[in-house]
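Visitor: Residue numbers for the sequence shown follow my numbering, so the first one is 1 and each next one is one higher.
These aren't lab readings, by the way, just hints derived from the structure by calculation. Using N, Cα and C, we set each Cβ at its ideal position, and we do this for glycine too. A couple of the hints might just be wrong.
To be verified - With a straight-line cut-off of 16 Å between C-alpha atoms, the simulated EDC-like cross-links for lysine to aspartate or glutamate are:
#, residue 1, residue 2
1, K156, D114
2, K274, D192
3, K274, D251
4, K178, E100
Stated by the list, open to error - Here are the computed distance ranges between Cβ atoms for each label pair:
#, residue 1, residue 2, range
5, E640, S391, 46 to 54 Å
6, E349, G389, 25 to 33 Å
7, I856, A880, 43 to 51 Å
8, K366, W213, 52 to 60 Å
9, K917, E639, 13 to 21 Å
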Amino acid sequence: MADITITHTRAEGTLLEGSRKGDGVFEIVRDHGFWFSRNVTGLYIRRSQDKEAQMWRIDGATAALRAAGHEVTVTIDEDTRRSFAEAEADREQRAEDRAERFGDRADRAASSADARRAAADDISRRFEFGQPILVGHHSEGRARRDAARIDTNMRKSFEERDRAGYWSDRTRAAENYKAHRIDPQRTLRRLDRLKADLRKQERAHANAVEKGWVSVGRHARLIQDLTEEIAHWEQLVEKAKADGVKVWGPDDFAPGDYALYAGSWYGVARVNPKTLSIAWNLRLAPKQVMSLEDATLNGRVSTHPADYTQVQGRCPGEAMDAFLADGKVPGKKSAREASEAAPADAIREAQAKAKAQKPKKRTDPKIPKRIKVECRWDATEATFTWLNGNSQPHKGHPPVTITAPDGVKFTESVWSESLLSQVTALLTGAGLTYGAGAWTGGPGRGIVRAIEPVPEVEPEAPAVDEQPAPEPPAEEPPAADVAAVVDDGQAPADAPSEVPAEDTAGGEQTASDLRFLLNHPVPHGESRVSHSVHPLNPTPHSERPDAMTDTTATAQVTEVTETAPAKKAPAAKKAPAKKAPAQKAAIEPTKVSKRREVVAEKVATTAAEVKSVQKTIPIDRIDRDPNQPREIFDQAKLEELAGSMRELGQLQPITVRYDAGTRRYTIIMGERRWRAAGMAGLTEMAALVLRGVEADSREILAMAVAENVGRADMTPMEEAKAFKRLEKGGYTIDEIGGVCGKSPAYVGWRMDLLRLCEPAQEAVAKGHLSLNLAWYASQLSCDNQLRFLAKYARGAFNSDRDAEAFVKAARIEEERRESQGSFFVLADETPAKPGDVQESLPGAHDVPEEERERIIADRTKLTKKIDKLSTAGEILSELATADPEELALLLAGVAGGVGAHQHRIEHLRSLTTKVIKNLRDAQAIAAVRAGAIEINPDAVAPAAPAEVDAA
1 MADITITHTR AEGTLLEGSR KGDGVFEIVR DHGFWFSRNV TGLYIRRSQD KEAQMWRIDG
61 ATAALRAAGH EVTVTIDEDT RRSFAEAEAD REQRAEDRAE RFGDRADRAA SSADARRAAA
121 DDISRRFEFG QPILVGHHSE GRARRDAARI DTNMRKSFEE RDRAGYWSDR TRAAENYKAH
181 RIDPQRTLRR LDRLKADLRK QERAHANAVE KGWVSVGRHA RLIQDLTEEI AHWEQLVEKA
241 KADGVKVWGP DDFAPGDYAL YAGSWYGVAR VNPKTLSIAW NLRLAPKQVM SLEDATLNGR
301 VSTHPADYTQ VQGRCPGEAM DAFLADGKVP GKKSAREASE AAPADAIREA QAKAKAQKPK
361 KRTDPKIPKR IKVECRWDAT EATFTWLNGN SQPHKGHPPV TITAPDGVKF TESVWSESLL
421 SQVTALLTGA GLTYGAGAWT GGPGRGIVRA IEPVPEVEPE APAVDEQPAP EPPAEEPPAA
481 DVAAVVDDGQ APADAPSEVP AEDTAGGEQT ASDLRFLLNH PVPHGESRVS HSVHPLNPTP
541 HSERPDAMTD TTATAQVTEV TETAPAKKAP AAKKAPAKKA PAQKAAIEPT KVSKRREVVA
601 EKVATTAAEV KSVQKTIPID RIDRDPNQPR EIFDQAKLEE LAGSMRELGQ LQPITVRYDA
661 GTRRYTIIMG ERRWRAAGMA GLTEMAALVL RGVEADSREI LAMAVAENVG RADMTPMEEA
721 KAFKRLEKGG YTIDEIGGVC GKSPAYVGWR MDLLRLCEPA QEAVAKGHLS LNLAWYASQL
781 SCDNQLRFLA KYARGAFNSD RDAEAFVKAA RIEEERRESQ GSFFVLADET PAKPGDVQES
841 LPGAHDVPEE ERERIIADRT KLTKKIDKLS TAGEILSELA TADPEELALL LAGVAGGVGA
901 HQHRIEHLRS LTTKVIKNLR DAQAIAAVRA GAIEINPDAV APAAPAEVDA A
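Construct the entire structure; sequences and hints are all you get.
Guide: What follows is the structure, given as structure tokens:
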């Protein structure tokens, strides 16, 4: 057995000496972190220099060696140490040695790869390119050996090239070691980590001293090492600053500035000690300049922490606004000049003065600031808690237990309609409403939201002879529903007696409306309904089948809630009412009738401002648009959609317009969903109602066309007619393309199809006639279109290319005849003649006698030349059936080899393709002129083609 010595010093690390190769020591200590190297005598623990001894490894290896019968001596020296600067200099020197060593390896590998490639090239030069191995020839053996040598050398060359790349990468890494270590920005991040480790060791040292543990010395040594290392890196950072390197910090920025981060400018929301809170909106990223407004949603700014070490520049907010106004994005130099002109400390002082001059907003501590709702799944009770400004339960408002109605269970509190409707009722009774922001938290721990008092409304003094408030329009909720919130369920005397069917909402509709209001609050003074997505409930309201209700009624309920005085307001001092202008004194409404007048006026104003609302409409009150661009609906796909709506409900609302005369709705977009809903048995549909629009307005027409154009199940003729409708509505071709997302060429190409006669249009709609061929056919007159369709239906053409060539030839003949003052009509049937039909001269009625003789002579010469092609056909047939190996053997020894003959055949193939095209065109011209009819315009007046109705 061997005598093993394990020593540990700071300079050398942990070493194991006394073992020899093959004595089994390495196999024992390998599991304890020991390794070997040609540069180190004995075994060692990697990365153990200038560190504390890893006693768990040393003790484990010692126990394993002694169990195997070896004598082990352990020596640990923690006191003898070198400074961190000396250790860092030694690491840099080792990195330089590695770079030199790895560079030599890369050079050797690259030289070996070049030599292997040169050897393979030398062997391959003995053979002509493409020359095969001659089987049975005396050179066959050598050729096969040379091919194997070429393959071996090329493979070795590739392997050596990969090795050279690997060692080159290692060389670059070793060369960049020092630059990486002394980089100021990386050093700052390293300092943060080291200072955190130092605080951790200081706490551990104090705990060990207090409890008398033996680890006190180890913690003290680690504290000494960290302190020395931190001092070294701080000295390096100070030296970099003295050399002109900019190190960014909190003193360099003020809120409202812009920071250059990851190649883009971001608005600064907050300046923190270690990071900047910058504007962040992934939906807009990447963006050259992202302002705080870009990252604001529902009054809240989304931010992202940016470490100062990753910041590359600063630009003041006003300077950035000036750059953007000029259409420019500043670079580092321009931003630096602007930053020097407006330093951050001056901006912070100005912001502090403005904040000091701004009056402090005082709130009544007796009024709750937040509410919290806690409810479990399928519970029948929920806890409603009033919170103060510190998010603690309010002492003046005890918690409330909300009980579910009979037969109803609360689901999770975020989605329970009946629960949130009762929460809203509690807020209304206390004279409070929802504040800015959205619900936060989660169902398991409760959801929290800010609240605020209902702002008081100062109505104008009514005149003595003031008329009663007008009744709301038919499309708005009746005044009776509005007053129900004000008078605690008592309808006013002037409420209309008849209520439209869709406006008579029961308790369920009210709860659903209130739930939509919770997720999409309407700001005070606004009438438009927000359609943003709640962060805790990612499904939009318009896409939930069980919550599609009239959002107009929701908005009006909100307005009334804000207007009505609280019945159970907490005992708090009311803020003094603001003074109205001198010409109109404000009178506080104290009577019920005056409050009704204020509510009615507010409802009328809201109805005038709202342009579009989302509501639930009975399906029997919806009519299809008679001018709908789509005329054909696939019944099978409608069945599929109906099945989906039967299972999941309606996922996307349709768009309709309201006709006040008939009190019905007409579909603008979504007829396919309307048809499927009827097939699925739905009685109501969610719809976005557009108001103030005319039935034949340009906007409605454009919306209907743009919604349908481009769908896979819309026929080309329907597209063409839709484009024609837009053109008649005053749109140009370019405007139609922009509205529908198509190019002007596409729009014009589709509209050209309207020149087809009705049978041709029907053939295109049914797919019997291809679009390309239909477009060429549309250039012909109506009579010739019908005759062409007859020939096409009889199968007179071998392919669509032949038919296309025929149509082109017919169009050319038409133009030629028109230029001569006559009309050209295709023959219904080609007359049967004895012999070959092609022996006759096409257009013989207009060819002079001399020209006829020349044509006959040239025809004889051409046919003799074509007859000679039979010889070429025999040669090609022989080559096509020949054995490839035989061809290689026969043609390899001639000039140019096989490649030259292949090139000649390919040239013949290209010429043959051109000849086929010319003959196809000639066949089309001959077929067009054969038996064609010429009409004298003086004898027969041409019939005007019927105008195609594209509506």
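Visitor: State for each hint whether it applies.
Guide: Outcome of the hint check:
1. Of the supplied pair hints, the one linking K156 and D114 holds, its CA atoms being roughly 10 Å apart against a limit of 16 Å.
2. Annotation: proposed proximity of K274 to D192 holds, straight-line Cα distance about 10 Å (limit 16 Å).
3. Taking the CA atoms of K274 and D251, the gap is about 11 Å. The hint holds against a cut of 16 Å.
4. Proximity of K178 to E100 is assessed by CA-CA distance (about 14 Å); at most 16 Å being required, the pair is judged to hold.
5. Taken as a hint, the range 46 to 54 Å holds for the pair E640 and S391, whose Cβ atoms sit roughly 50 Å apart.
6. Between E349 and G389 the beta carbons are some 29 Å apart, a value that agrees with the proposed interval 25 to 33 Å.
7. Taken as a hint, the range 43 to 51 Å is violated for the pair I856 and A880, whose Cβ atoms sit roughly 37 Å apart.
8. At roughly 54 Å, the beta carbons of K366 and W213 sit within the given window of 52 to 60 Å.
9. A C-beta distance of roughly 47 Å is found between K917 and E639, which places it outside the suggested range of 13 to 21 Å.
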